[in-house]
Each structure stands twice: as structure tokens, then as C-alpha cells.
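Each chain, written out:
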Amino acid sequence: MPPSAQSRRRLLFVALALLLPASLLLAAASGAYYIPPLEIPRVLREGLEGASVLLNIRFPRVLLAALVGGTLALSGAVLQGLLRTPLVEPGLLGLGAGAALGAVLWLAFLPLAAWGLPLAAALGVLATLGLLLRLVPVGGEQTGVRLLLVGLLLTTILNALVGLLQFRVGDPQGRSLTFWTLGGFGGAGWELLALTAPLALLSALALLGLGRALNALTLGEEEAFHLGIGVAALKRRALLLVALGVGAAVAAAGNIAFVGLLVPWLLRAWGGADHRFVLPAAWLLGASLTVLTDLVARTALAPVELPVGLLTALLGGPLFLLLLGREGWRG
Amino acid sequence: MKHWFLTIPLLLGLALAQPFRLTDATGREVEVRSTERIVSVGGSISEILDKFGLTERIVGRDAGSYIPAALLKKPDVGLFFRLNAEALLAQRPTLVLAVSEAGPPPVLAQLRQAGVSVVLVPDEPTPEGVKKKIRTIGAAVGQPARAEELVRALERDLLALRSKTRVRRGEPLRVLYIYPRDPRNTFVCGEEASGAGLIALAGAQNAVKTVQGAAALRGCVNLTAEAVAAARPEAIVVPFFPDQPFSFENILRLPGVAETPAGRNRRIVAMDVTFISGYGYTAGRAALELHQALYEKTGPVRINHPSFNP
Amino acid sequence: MASWLEAHALGFWRAGRWLLRGATFSLEPGFWVILGPNGAGKSTLLRLLSGEWHPSEGSVALKGVLLKRYTPAQLALERAFLPQQRSLAFPYTVREVVALGRLPHQQRRPENPTDRARVEWALEQTGALPWANRPYFSLSGGERTRVDLARVLAQETPILLLDEPTNHLDPRQQLEILALAQRLARDGRLVLAALHELNLAALFADQLLLLKEGRLVALGTPEKLLQPALLQEVYGVPFEVLVHAGRRLVLPSFEAG
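Here the protein sequences line up with chains B, L and A, keeping their order.
The first sequence begins at 1 in this note's numbering and counts up one residue at a time.
The second sequence begins at 332 in this note's numbering and counts up one residue at a time.
The third sequence begins at 642 in this note's numbering and counts up one residue at a time.
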């Protein structure tokens, strides 16, 4: 590893590690309920009017955005390494929609048991993964393109099922469909954070350890075996952890697409494809970007709440097209 | 003439057989030949038709009409803005009385082509609008005198209300109108949304106007939790629906509500949706009861429609 | 002292036929070459010996222990495998690809200077050092083969299994690679390569394994095995054996007409 590339990676990592607290601070200082940023410490200390807004609305929301963004970006990076293509991510493969379906089914039959929502969503993700991998055998030519295609079809079908369920059960005009399909942090609070954090953090910590194995997998499944990786066990473990993380994230904030796709791509472009760098960097960058995007979603058209997924699609979609055009359709 | 005494019943009969002519909300001239089979679209329309004694002639109603309760047994022709043409025509109506936003337009055109009289009734959420509504319906069913009776009853209610609001001092109460949709978003309505209009009539002010950027808010939008807190409402008004379970706890859990004076004091007024946003002949009474709930009561209050008690 | 790689009645069934059957042999350090026509089972044999495929019959033992008792991680420290078909999912540089060979040694520790030194050595041995910082995808087929061989070297294992390492290489490169393989074997390793070119095998191999239609037909030195009768039996064409400048050459003879 030539020193310049390695030091660039280190520099990038430090920059990302600094970006996250900076984003958190910026987001914590801004919002529709106006409190001069410099006054915030005093407001909190003296318990002035607005302190409860900060503590109960703004802060948990910022933290949730970071948690969800980090989880989605990391899951995207792992999926890309596991499926050996840069074209995939939880949102576009239909995993977000599967999570939504799992969650909506749970809500339809057990509306009072909100604690089970992340797990129900995770089951939805697993089922969707199972279906996806049955329909598209990994490892042939053009796997990435096929996965993307089938994933988009699955997304459409699953979203329709979610909509249908909502029309039948409890929401005859189906208007909360936008929450599931476009995402949003509007419901953030300490309760939701406490419900989401265990699974999301567990998933993230465990996924971070898969960097070495994913590096080996870059050469293909047979070669990864020859380098000492138990491939079947790796796949099971990785997919299960991704399901837990994505399930928790989507149950909390709906489907937010493009984060899991573009963050790993950017990181590989800047720092190379070593997963031991990409995975933790993805969590950091995903968290920061989502915090900042949510800041825009809740202040740009204040007082209106814009769905976060709308913004990520608006920004991410064209960027994806640009990257495809430039980098070619490899994968 | 030998049989001159026959001309009187003949003339009367001719007079009675005259179709009713009126101008509807869209300025269209409509001829109503028969009120035998009526389809009613709009909760307030159904409510008013009941006061004209015509409930028995209603052969179909939109999904949102449930006053009086007898209507629930009548065929459902869809949501008022998404009517089902086939279900409607299957009832072979002679007259369709609908709120002015009824639709979609192609369905209305199909009805007219089939020879059905379609009267779009003005639906402005103001006292004057209610009077126009009652009078239009009266003209369409040939009972103008009865319409004036209802208008006078409405004016009496409004007078009673005005006497109360005139006496009250201080700033009008800050109220947010929240339409409960999905639990992760607080869907707040501005002045012109029909439910919220009653707030001004009841002597309170719509708190959403004071939120930065929301001054021009017309319809309803999802508000960020912080914006809800920034509106500082002292009370929250919420419509409830007859076929959906309602719980004050759910409202208190909407984003931002817990951080408002209304949320902290549990000042939530839940009103039957037709009562609050129908603007039928009971609009005056609705405003009065809302005023009382806001200014004379404490804690959560539930206001049912006077004609509908499940 | 158990032999390094031992096969016992080894057989593999797939898609309705036996790709390999009844192979029994024992390998010690040295340069071994597997020869045979297409479909004879050369790749199959290599993959059974590497542990990637499980035998349908018989067994493989590495250093006296059955292969299936090893974990993948343990195997990776004993043997390295160079495949025929190669793929790379992400745009690594040449050096990064070769560094992947060090992964089995990094199970419990991050990259260290020893790893980097082995990578440089492997690049040097295969002549890939000039391209070390270039993207792998920018290389030609032959260059990629050398980089992959460097990766296999970097893995630093006593056993090397090479499936057609001379594909895509021009004559000079072929000689260089096989000379390298021979050197590695002389240093005490067991190098087992599947090759197409009979004469290159004759030049470099210590011992040959001749396969035909899934059967191990003969095992022995090039002198013993490269005989016209045996070759005709295996390849189905007559061969002529020539001796030129002390070297043994076999040529398939072709009757025109």
C-alpha cells in the first residue's frame, strides 16, 4: 500500500469522524421552533421555555437520523460487497418495502404491541431477501443489473401490498403510505430511539467486523473459500445482520432510498475498495448525510414536514444516473 | 264551461307537476323533474334532507353520510370525491344532490347524460354559505318555505353564539385543528379547510397562522413537531369518525403535541366530523358547542352530533 | 511422516457422470503436473484437493489429516489455489489484489510490515512490480495471470495448486512462470499444476499425473510417461517422440489427407 493512498484514507477517516459531530451540532442548533443557537446551552441549563422542545423533539430526532442513516449506509456497503456489485442497496432491492410490509402486517394484527415492530420489519426483509436470491442467482454475469431490476419490481409489488393493507385496515384513504414509501423522521422521540437503537447498533457493530471477509469475497466465492472464508456462513450472518439493521431503520423511519447506494460508492471513489475502510466510513458518512438531509427536510419548507426519502431520491437519483454514465455499467 | 270545477284541480295538478328550476353552485341551470329517488352526496346534504323529511326517498348516499343513522342501511356510492358511477346509476336516481367538490367530473357528466338531475350545492364553510346551502336544497326539492324555517333556526343559534362571544374578553383562544391520519405525522389544517373554519366562528383563532411560514396555509399539511410546538396552541380540535375508534391518547402522542400547552393540559376537543365540518343546518349549534367546550370546560371533551348517538 | 497430499479412491460425480473416479496417489514436495485432454478431470482433481469440492467417493488427506476436518481458515494457511477463471468485483489496484493473499494470516490481527514485505516479494517474483499501482482492470489477460500468481505466492503456503497458470501467456512468460514454479518447489514446497502443454511439462515437472476421462492412467517422471503408446491412449492421436539437444519433445503426428 503506497503511503499516499494509505494516508489519504486516514485523512478521510478523520474528516468523517469530525463531520459527524459537526453535523449533529448543526442539526441540534436548528429547527422550526426558533431558539437562537447560542442561547441553547442556557435554555437547557435553566429549563427555559423551549427546553422541552429541544430535549423531547429535536435531540432525539437528530440522533435517530444519525442512527438510521449509519445503519442504511453500512447495510448498503455490506450488501454491495456480499452480492459483489456496486449497484445494490436496501432501498432499491425492495428490502425497505419488505420491511414496511412486515411492519404493516404486524400493525394490522397487533396494533398495541409496538415493541415488535422492528423485528416484524426484519422478518419482512429476510423474506424479501430470500425471494430475491431465489429469483436471481448470484455470481453470474450481470448479477448487479438483474438484482436491481428484480429489486425494483419487488419494491413496486410490495409497496402495492402495503397500500392495499392500509386501505383495508384502519386507513381507508391509505394516506400513510407515503410514510412507508418516502420515509420520515417526524415520529422521532426517545421511545422510538430506545426501540430502534438496540437492533441497529447490534447490527452495525457485528457488520463492521466483516470487512476482511468481504475483501476476500471480491475475488469470488470460490476464491474467498480458498482464502479461508466460510462463505455460506458469512452470507447467512451478513444477511441476517443486514435484515435486523434495515428492519429497525425502516420500522422507525420508513424507506429512505439511495443512502445505502451512494455512500459506499463515494467512499470507494475517494479511498479505495478495502472494506475494512469502507464499512466504518460508510456508517459515519451515512449518519452525517442523513442528519443533514433531515435538517433540510424539517426546515427548508418550514413549517411543513417534507419526507426525507423525497429529498434523498431527488438528490440521490440523479447522482446515481451520473455515476452510472461515468463509471459504466460494470457489475 | 260545463265542467269548470274540473279546471281547478287540473291547474293545480299542472302547477304541482312543474319541474323545479334553480341555479346550482357552479352557475348551471338545473331542472328537477322528480324527487322520488334521491342520491345524497355529502354528510351535511343528507343531514339537511332529513330535516326536509326526505330520508325515505334517499336511495343512495356517499360513504361519509351517516346522519341520520338510517342512512347506514342505504347503499354506499363511494367517497364524495371518488364516486362510483355504476353503483350510483344502479339505484336509478332521479335527483343527485351533491356538495360542490363532488367528483370526479366524468361521473357527474355520465349522470347528466343518463337524464339524472344533478344539483351541486354550494359548500362554503361560513354562516352565509350554510344559508345558501339550505336554500339551494330547498329549491331543488320544492320546499322553499321549509328552507326558510331552517335558516331562521340557524340564525337563532348564531345569535345565541354571538351573545356569548361578544361578552368574552381577552385574546381569542389559540387552537390547532388536527386531522388524525398516520400516527407519525401531525396533519394540521389552515383556515379554509372546512373543519378548521368553525374555529373562527366559535370565537377562537387558528394557531397555525402564527407559525413562521404558515401564514398563507390554505389546506392541510404535515407539520414538523417543532412547528406544532411553536404554534403554542392552548387547545386542539380534532374530528372523529363514527366507524373508527377514537382515543385521546393517540392525539396526545402525535409529534409535537406533548410540547404544547394544549397537550400538557390535555385540552383536546373531539367533535363528530359531520358536526364540525359538515356545515349543515346545525352549523350554528356546532359553533356554539365548540365555543362552550373551548371556553367553559377543561380537560378532554367529546362532542357528538346531536342526531347521531351510537 | 505423513505425505503432504494423499488421495484415496477419490471420485466425483456431477451432472450424470463421474468427472473423476478411483484416483489414488500420494504427493510429496516437488513440482507435479497434471496432464490430460479437455474434460479429463484436471480441474476437478485440483478442486477436490483444495477442499473446495467434496468427493463423492474416497477421501483426501493433507499432512495425514482428512481434508474435511480442516476449517477453511486452517486450510488457507496450508494451501493456495490459482483458478482458471478469475473475477474481481471492485476496482482494486494490483498491489491491493496481491495483498488479498495475506488475508488468511490476518485473522486476528491487522495488516503489518511482514504482510507488506511478502506482497512486495510476490510482486517481484512474478514480474508484476512495475504495475503495482495500476488498476487491475487495466491489465491484459497475461498480466492478470501474473498478478493472480503473485497473490497466491503472497499467501505463503507450503502447497500451491495452479489451474492452467500459463493461459494467456506468451512463450517467454510461460517459461518464466514455470521456472518460478520449479524454484518454489525446489525450495521445499509442493507445487501441483494442471497444464495443457506437454513439452513445457516435460521440461519443468518432477513428476506427471496423466488423466483420461476421469481416471488416473499413469503417475511418474516425464521420461517414463511421455511414451508414444501411453500418449496415444490418453490423447487419442499418435505421437512422435524426438530428442533434441538433450531435451525430450513429443509431437502429435497428423496424417494429412
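There's no promise every hint is true.
[Stated by the list, open to error] Label pairs and their calculated CB-CB ranges:
1) A/A758 to B/G209: 53 to 61 Å
2) B/S4 to A/A758: 16 to 24 Å
3) A/L707 to B/L161: 48 to 56 Å
4) A/R750 to B/R236: 19 to 27 Å
5) B/A194 to L/A445: 37 to 45 Å
6) L/E627 to B/P37: 35 to 43 Å
7) B/L131 to L/Q543: 56 to 64 Å
8) B/L112 to L/R597: 14 to 22 Å
9) L/K404 to B/L322: 54 to 62 Å
10) B/W190 to L/R443: 53 to 61 Å
11) B/G209 to L/G550: 49 to 57 Å
12) A/Q726 to B/R236: 24 to 32 Å
13) B/A194 to L/R597: 20 to 28 Å
14) B/L322 to A/G829: 52 to 60 Å
[As the list claims (entries may be wrong)] Some chain B residues judged to face chain A by a derived CB distance under 7 Å, without partners named:
15) N56
16) F59
17) R84
18) R212
19) E221
20) G228
21) G230
[Said to hold, decoys possible] Once the Cα atoms are required to be at most 20 Å apart in a straight line, the calculated SDA-like pairs of lysine to any residue come out as:
22) B/K235 to A/F666
23) A/K709 to A/F666
24) L/K404 to L/L420
25) B/K235 to A/R889
26) L/K540 to B/Y34
27) L/K540 to B/L301
28) A/K709 to B/V231
29) A/K709 to B/A232
30) A/K865 to A/F895
FYI, nobody ran anything at the bench for these hints, they're computed from the structure.
These figures come from a predicted structure and were not determined experimentally.
Note that the Cβ used here is the ideal one computed from N, Cα and C, for glycine as well.
Right, here's what the structure says about each hint:
For A/A758 and B/G209, the hinted distance range of 53 to 61 Å is not satisfied, since their beta carbons lie about 26 Å from each other. The supplied range of 16 to 24 Å is met by B/S4 and A/A758, whose beta-carbon atoms lie about 19 Å from each other. The given range of 48 to 56 Å is respected by A/L707 and B/L161, whose C-beta atoms sit roughly 50 Å from each other. A C-beta distance of roughly 25 Å is found between A/R750 and B/R236, which places it inside the suggested range of 19 to 27 Å.
Checking the proposed 37 to 45 Å range against B/A194 and L/A445 shows it is violated: the Cβ atoms sit about 59 Å from each other. Between L/E627 and B/P37 the CB atoms are about 42 Å apart, so this pair conforms to the stated range of 35 to 43 Å. Between B/L131 and L/Q543 the C-beta distance comes to about 47 Å, which lies outside the given range of 56 to 64 Å. Range check, B/L112 to L/R597: Cβ separation about 21 Å, and the 14 to 22 Å hint holds.
Between L/K404 and B/L322, the C-beta spacing of about 60 Å keeps the proposed range 54 to 62 Å intact. Range check, B/W190 to L/R443: Cβ separation about 57 Å, and the 53 to 61 Å hint holds. A hinted range of 49 to 57 Å holds for the C-beta pair B/G209 and L/G550, which are about 50 Å apart. A C-beta distance of roughly 25 Å is found between A/Q726 and B/R236, which places it inside the suggested range of 24 to 32 Å.
At roughly 24 Å, the beta carbons of B/A194 and L/R597 sit within the given window of 20 to 28 Å. Between B/L322 and A/G829 the C-beta distance comes to about 54 Å, which sits within the given range of 52 to 60 Å. With a cut of 7 Å, the hint placing B/N56 at the interface with chain A is violated, because the nearest CB-to-CB distance is about 42 Å. Here the hint on B/F59 is broken, as its CB sits about 36 Å from the closest CB of chain A, past 7 Å.
A hinted interface residue such as B/R84 counts as satisfied when its beta carbon comes closer than 7 Å to some beta carbon of chain A; here the least separation is about 4 Å, so the hint holds. A cut of 7 Å between beta carbons decides the hint on B/R212: the least distance to chain A is about 6 Å, and the hint holds. Interface hint status for B/E221: violated, as the beta-carbon distance to the closest one in chain A is roughly 10 Å, over 7 Å. Evaluation of the B/G228 hint against chain A yields a held restraint, the C-beta minimum of about 3 Å falling below 7 Å.
For B/G230, the suggested interface contact is upheld, since its CB lies about 5 Å from the closest CB of chain A, less than 7 Å. For the given pair, B/K235 sits about 35 Å from A/F666 by alpha-carbon distance, which is inconsistent with the 20 Å threshold. With a C-alpha separation of about 18 Å, the suggested pair A/K709 and A/F666 falls inside the 20 Å cut-off, and the hint holds. Our distance criterion of 20 Å between C-alpha atoms is met by L/K404 and L/L420, whose separation comes to about 18 Å.
Taking the CA atoms of B/K235 and A/R889, the gap is about 50 Å. The hint is violated against a cut of 20 Å. A C-alpha spacing of about 16 Å is found between L/K540 and B/Y34, which places the hinted pair at or below 20 Å, so the restraint holds. Restraint check for L/K540 and B/L301: satisfied, since their Cα atoms lie roughly 15 Å apart, inside the 20 Å limit. This hinted pair checks out: A/K709 and B/V231 have alpha carbons roughly 15 Å apart, not beyond 20 Å.
Between the alpha carbons of A/K709 and B/A232 the distance comes to roughly 16 Å, so the proposed pair stays at or under 20 Å and holds. With a C-alpha separation of about 23 Å, the suggested pairing of A/K865 with A/F895 is violated against the 20 Å cut-off.
This entry does not satisfy hints 1, 5, 7, 15, 16, 19, 22, 25 and 30, going by the numbered hints stated previously.
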